[in-house]
Structures are given as C-alpha cells and as structure tokens.
Amino acid sequence: MKDAKHNAHPYIPNSVWETKQFMLDEIGVKDVEELYRSIPEELRYRKKMNLPDPFHSEYELKQHVESILAKNKDCSTALSFLGGGCYQHHIPAVVDEVVSRGEFLTAYQGATYTDKGRFQVIFEYVSMLTDLLGMEVAGMPTFDSFSASGTGIRMAGRLTDRDEILVPSNICPQRLAYIEGYCKDIMNIVMVKADNSTGLIDLDDLEQKIKDNTGGLFIENPGYLGAIEYRWDRISSMVHGNGSLLVVSVNPMSLGLLEAPGNYGADIVTGDGQPLGVHMQCGGGATGFVAVRDDDLFINELPSLLWSIAPLKDGKDGFGFTYAVPTRLSYVAREDSVEFTGTATALWSTANAVYLALMGPRGMREIGETIIEKSHYAKKVLSEIEGVSIPIQTPHFNEFIVNFDGTGRTVSQINKALLAHDIFAGKDISAEFPEYGQSALYCISEIHSKADIDKLAHCLKEVTR
Amino acid sequence: MKPHVNLLNYQAPNWDEPLLMDLSTPGERGIFVPRTEDAIKDTVGVAAKLVPEGMLRKTAPDLPELSQPQVLRHFLRLSQMTQGTDVANDIGGGTCTMKYSPKLNEQICASPKIAEIHPDQDEDTMQGILEILYKMGEVIKEITGMDEVSFQPGSGSQAILTNTAIVRACQIKNGTYDEKDEIVTTMFSHPSDAACPSTLGYQVNLIMPDENGYPDMDTFKAAVGRSTAALLICNPEDTGVYNPRIREFTCLVHEAGGLCIYDQANANGIMGKARAREAGFDLVHLNLHKTFSSPHGGMGPSCGVIAVTKELAGFLPVPVVRFDGSRYYLDYNLSASIGKIRSFYGNVEVVLRSYAWTMALGAEGLVEVAETSVINNNYLRKRLLDIKGVSMPYFHGEVRLDQIRFSLEQLEKDTGVTTEDVNHRIVDYGLQSYWESHHPHIVAQPFTPEPCESYSLKEIDYWAAVMEKVCTEAYETPEIVKTAPHNGIITKIDESVMFDDSLLAATYKQYKKKWKQNQ
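One line per chain: the protein sequences are A and B, in this order. Our numbering puts the first residue of the first sequence at 1, with every later residue one more than the last. Our numbering puts the first residue of the second sequence at 1, with every later residue one more than the last.
Just so you know, not all the hints are guaranteed correct.
[To be verified] When the alpha-carbon atoms are kept at most 25 Å apart in a straight line, the in silico DSS-like pairs for lysine-lysine are as follows:
id : chain 1 : residue 1 : chain 2 : residue 2
1  : B       : Lys492    : A       : Lys450
2  : B       : Lys482    : A       : Lys380
3  : B       : Lys492    : B       : Lys482
[As the list claims (entries may be wrong)] Some, not all, of what chain B presents toward chain A, calculated at C-beta under 8 Å:
id : residue
4  : Leu20
5  : Leu63
6  : Leu76
7  : Gly93
8  : Pro112
9  : Ser343
10 : Gly397
11 : His486
Hints listed in this document are in silico derivations from the structure and should not be mistaken for laboratory results. Please read these numbers as outputs of a predicted model, since none were measured by experiment. Beta carbons are placed, not taken as given, at the ideal position from N, Cα and C, and that holds for glycine.
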C-alpha cells in the first residue's frame, strides 16, 4: 500500500512497514517479489486488479453494505407464505446465541484434544436427530436435502447392487434435476405416476415399475405439493418384498406429530434440518441429513465423517471423541471412496442440536399440532374464495397447493397484486406443474396467526375480485 | 536474530460436561411455541383428527427435557471446550487458510435483510442480495481472469464436483463422452480432485510427484492422450510451491482435446500475482471460506465459487445472476445448463461476508494479503528449519508461497517421537492441533502450517517456539511428548474405536447398547 508506513491494515498485523522489513531481512530477501520467483514471468499478472475502491473505516463499510441490503424486503416485516424447501419458523434466541459463539463459528477441523466440545455437540445432534427420524446413526450434515437425496439414492444402489431408482412424477423438479446430475452414472431414474387428485404415488403403477434391478423407491413425505403419504404398509411390502430399499425425504419439523419414517419402513431417511433453528438466509440455511439403522452394512456406505464417543486410555474417568471408520472416505480412499466427502454445513448441526434440546418431545409435538391446524384452517378459508379451489384434498402438514383458474387471473398477476399488500404469496408452480393450471404452493407455519391467515384471505378476495 | 518467546502456562478448560441426554429431567421445558387459536380449532378440529390414518406418531421422540438456562449453559460449556480461530492460534491449519473473520460481517449477516429472506421472493424484493452476488461475481472474474461465475457450490469439494459435471456436460454435447473417460490429477492435489470425478463416473489417473516434488512430467505426458477428458490440479499444491511448468501441462491437455480445471481452493498467496486464465485453465474454483474470510463454521457452511471461460458459460448451474443496467435478475435460460448443484442459490450469506471483506481491502489490500501471507510463511520456514529434527522435503533452493509441508522424519528416526505425538504435545502450549497431511503420507511424519496474513509476528514466533520446545523435549524427555496431552481438555483417548465397528458409538443409542451394558 502506498502509505503503508502509517496505514497498517486492521486485518493484517504484519502490514506494519517495519515488521515487514524485519521479516524480509530475516528471510534474506530485499523485496517480496523475490518470493514469487517460482511463477514464470509470462504467467505473472502485472496489472492492478480492477476492483472497486475499498472503504477506509469500518463505519463506512457498514454503511455501504447495509445500504445495498436495505433494497431487500424480508419476511420479518412482510407476511410470507413461501415454503417449497426453505421454511420460516421462529428461531429461539438461545439458538442464535450459541451458533454465533466464535468458538463454534470460527472452528474448522479441530482435533480430539482441542475441540472436544464441538464433537460432543455433533454426537448430541446425531443422537437427537436420529431419534426424531426413528433411525439410529447419521454422519455430519450434508449440503442440503438435495445432496442428502442423491446420497440416499446412491447408497440404495450400492447396498442392493442394482441400478434403478423409482421416484414419483410429482417430485420437486429442482431436486430431480440435482438427482439426475449426481446419480445418472450409476442409477437410472424411473418415474412412477402420481395421482393428480390425491398428490400421492399411484400404487398400481408402482407395482408395475418395481423390477429385478430396482434398487429402491425414493419418496418425499410430505410430498413437494404437500400431501402426506400414509399407505406405508402396502408401499413397504411392495418395495421390501422385491429386496429394494425405501429412501424417504422428510421435513423433520413434522416429526413430533407425524410418525417417524423409521417406524413405517424407511431404510434410509434424508432431509433438510433448516426448519430446526436455522435462518432462511435466502436459501443459505440449508443443511442435509442422511440417517440409517445401526447396521454396519449401511453405516459403511455413509460418505460422511462419523464422530464416535471414546473412552480415555488406562481406564481414566471421562470420555472423548474421535472420528471413526474414515478409510471409506475420500480423505483416505480418494477415487476409491464411496462418494466424495468434504466441508458442508457443520455449524447448522449445532443450531439443530440446540433447537431440539430446547423443544424437547413436547415442544416438537406442540409445534407440529399448531402447524397442521393452522395450515388446514388456511386451506379452508382460501377454498371459500370465489374462483379459488384446492386441487389436492389429501391431508397435508404445512404446505398445500391453491388453484386460481376460476379467478381468470394468473398466479403471477395475483402475486404481484398481493406484494402491494406486503404479502409474499405462495410459490408459483404453474410452469413446474402445468397439469395443475394456475396454481401456487402455500406454506403456513407456527408464526402465522389467525389474523395473518384471515388477512391473506381478505387480500386475495380483493385482488381476484 | 532469534526472538525471545515466553511459552504460555496453558491449561485447557475442562468442564467434564455430561452428555445432554444425561442432563434430562422429565417435565422441564426449554421454550414455548405458539399454539393454535380456539377459533381455528373450532373450524377445522384438532391435529390428531387432521393426520391421515396411521400417521400420528405413536411414541414421542426420546429427546432430552431441559429448562432454558440449562440448555444455554450446557452448550456454552461445550463452546468453551472448542478452539475456533477467534480464540486460538491456528497457524497449523495449513491448506485451510484459518484467517480472521471480521465481526462486522457477522453483524451484517444477522440482519433480517439477509437472515429472513426467502429465496423464492419476488426478485423486486431481493435486489440487495442479488446486487451483492453480482458484484462479488465481478470481483471473482477479475481475480481469476475468467468470464462467468456461479456461487452455487456449497464447498470446495462441491465446486470440484460442479466443474467436473460441466466437463461431462460439455463432452456429452460435443460427442466425446464415450471416448474420453479419464481425468488426470496429482497426488499433492486435494483428495476430492480424485474423488469427485470418480463419483461422476470418470476413471482417475493419479500422477505422483517426481524427485523434486513437481508432478512428474514424463508420467504426465504418458498419461495424457485420447482418453483424457480433463486435468484437475492444485497449484500451488499442498507443498506450497508454484509449478512453473503449469502452462505446459494445460497445453498438453488442450492438445489432447481435454479441458483444464484449476483447484484453487486456497488462492491466498497469489491473488493479484497470477491468474487461472493466463495459466491456461478453462474452469477454476476458489473457497470463499478460506481466501475470502468467511468463517469455517466447524466445517461449513461455505462456498466454492466457480469461474469458467465464456465457451463454458452455457453449462453453469441455474440460475445465474445478471444485471440489465437497472435491475438484477435470475437467469434460468442457459443453453446447456448442468441443472442444479445445490438448492436455490448456494450459501449467499457466505458470499455477503466475502463481499464485505473484499470491500474492506480493495485491489491493493488483496495484494497486501497475498504478499503478507507469503512473507509470513517464508519467515516461519526460516524459524522452523533452525529446529533439530525438522526438514523441508523437495524443491531445494526454491522459495515457497503460502504454506509448506514439513517433515519430522529425522526427529522420529532419532527419538521415536512421531508427528502425531508432537501434534498432541503442542496442545499443552495452547496451540490448535496442526494439519499433518492428507493420506497417504508421501512426506513422512508430515505437518503443514499456513501462517496467513491474520497472524502477527509475535504469534508466528510463538508457534515456532512451541515447535522448537516440543522437538527439544523429544530429544531430551521423549516420554512427556509421547504421553501428551497433559494440559488438554482430556488426556489420551483409547483409539481402538477408530478401527473397531463393534465399539463405534456415534449416537447415544449406540453408546447405551455397546458400552453402558458392559459397565
């Protein structure tokens, strides 16, 4: 820097001119350029990078960034009914307090003797999460529910040594796009019909599609369009009767109320922990999970680090943690690993752990009850609006689709009009699912009051009149 | 001139905090949640009647029951038994660039203007965050020399996967997918550079280092040919030396009809000094949680931004953020997109932090970061090589950039003390454990420090002084090193659970099943 002698940067202690000179002297070079001599001249970049001028003071920087963010409108002031894979819930203050602790926030790999606390959190996270899912073992969190689905499907292929996976045709289209990209080299993806009026998989078509090379059935519950699948006796016996595996993607927020997938036959349970205490962050709060039973065959197919509790040596009191069975992972096995492994979303496992610890069994039951009651109320009051209908009548948890064909307006028009009332209306799915005409996916959570839902209905009436 | 350093009389905090499940008291509550108004229940009935047949949970999850202060206290005690860079000297975290994550950026990220944004909001309500994504994209283009970017990958490894998927899509389009099924990488590149192509169905050709430490040119020439789909390589590799012949590598691959992917997860030492473009790469990724200061979060959330040439821009995952001169928008209409790599737009809060960090530094500041990290590293090299038992394999006479893989082979031969022992002992002096190396240990008894720009001269001297002290102990009183740590959170664990499935207990259920019944 030009006047570096008097302007050491606050983030760079050794930008003090005298310090730098001392260090260069100790190294035995006159100029830092000598330390770049391994880069051939033709590969050197000799221009000044064309970047915006920086802000000198923390105050000015804060003003700058906040002035850009001020152009956003957010769900804390607007009334939002958006879901579709990212969910607004109340985040307990204690969760924010714990995840913002610098010790957790700025940790990385750590080790047994320096980061015991963090590994204990992971152990407790996995313990509580798997209990909620009705499973027994999981690894560190994955990126999001998409990557968890992809891994669950590939695991089903590896465990059965078969190359086909069945998915319902009304699966979340973006999830399908991910699965195709991640799995197509080893798994053919075969679509099973979904019934438009129930939103559920067509069991006759499922029966026909299950073949010798079917590794498994992947199913979202609740489905992307909201319906809760409940015919598990038949589905499970069809799938397992063929030696295939059942891979379920679930919204963990529903599981204080709804039956755990592990209790209705799921062999691999996947999903996204974002609803459990992680802010939406424009989709940045996603954190996937893949859970299995306590079966070494399954555990050894998990492409994630597992942290095991460990006794102390020589029978001393206390316990520690260490990673276990790492040889299957790409850190060691490289191209021979089960899949790739790396940094993903560990901090959100801390958020999930604190959330579940605060909620306990009663909190999870109550929030499930609140959500299902309020969302069924919303479905009822919206269905009473002229020109508005509910295409899928199967019970749902937090989400359901609403059709506006009878209003003569498009979802896009309606949503723009609601935005003027500070309402973020349900997600437009008319392009993703043309068979449902002008429909939108609405999401209700515990934070919506009766007054909020009534306001939505009132405004919808107004803008569709 | 050797600095005088006083070693800390350190003792790690040990709360001996029980497992959360053992702290449960039936009936305690950590928080109340909103309940349904009676008017709603009167209209639709109660939850139990709304759940479809057989789907009402029969047995409540076995979650612990604790009051709010007890939950807070438990997790804060666990935080005190964790060493993030906010509290610890993590110069040892080589390849990871454990730099300072400015607190201002955490404040900014806590704002509802980012925390409470739903990704499917109307674009008109997200102009601020789209502007940040767009502007940070321009920064990345300038640093790499590439033409288009995507922030969707949620880590370095997922970025490698994404770049590989782009190569695959490109090959499928131009009809070379069946013929070209091999990706070439090197032993000193990251293991994911082998694992991700393998995950996507490629054969992996792993090039070993030559006697000087560079990827062996003869083996490489023999490996590249008709079946080569791409090169996937770090530079500098883990050893910290820039491969001066990199352009020959990329040319050879291009001549064979392949593409070149640059794993620049760690760009800290060469920002503004050398770019992916000039070295002949078609695709590159940089880790925002390394070079661009976003906190590592104990292994995420993170972001591996990818940047590609305009020829490959049509293959990027959707959506791409664009600016029409007055408005920012999301473009899903790419000619040959690989589709989705991650839900929505990736970890945009990570991008926001990186943007704020970049705007605190500017072009000259980023060069200052690079130069300081290189000076720090070569200064530490000087200090460490004065220590008996420490050596620096390969590249004799060549200076290193921002990190180095050192060896304690001599120390181990002389004293029987291993790098693992040393790693346990440095904990007793208040240092975070260091990164040894990925497997296999091509460099024997390795350790890999990276004293990035956030560390002061005093902290670098301290790190070197601890290494000197522990190496001296290895020669004089080896037992104290071999039985370390002594002042850590806990004493040595029984490591047999690492290798014995019958002892593995990753959850409380397994722990009860496998351990408690034996007690």
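Outcome of the hint check:
1. With a C-alpha separation of about 57 Å, the suggested pairing of Lys492(B) with Lys450(A) is violated against the 25 Å cut-off.
2. For the suggested pair Lys482(B) and Lys380(A), the alpha carbons sit about 69 Å apart, so the restraint of at most 25 Å is broken.
3. This hinted pair checks out: Lys492(B) and Lys482(B) have alpha carbons roughly 10 Å apart, not beyond 25 Å.
4. Residue-level restraint check for Leu20(B) holds (minimum Cβ-Cβ distance to chain A is 5 Å; threshold 8 Å).
5. Taken as an interface hint, Leu63(B) checks out: its beta carbon lies about 5 Å from the nearest beta carbon of chain A, inside 8 Å.
6. A least Cβ separation of about 7 Å between Leu76(B) and chain A falls short of the 8 Å threshold, and the interface hint therefore holds.
7. Hint on Gly93(B) holds. Least Cβ distance to chain A is approximately 6 Å, under the 8 Å limit.
8. Below 8 Å, beta-carbon pairs count as interface contacts, and Pro112(B) has one with chain A at about 4 Å; its hint therefore holds.
9. A least Cβ separation of about 5 Å between Ser343(B) and chain A falls short of the 8 Å threshold, and the interface hint therefore holds.
10. Interface restraint check: Gly397(B) against chain A, minimum CB-CB distance 11 Å, threshold 8 Å, status violated.
11. Interface hint status for His486(B): violated, as the beta-carbon distance to the closest one in chain A is roughly 10 Å, over 8 Å.
Figure legend: structure checked against the earlier numbered hints; hints not met, in rising order: 1, 2, 10, 11.
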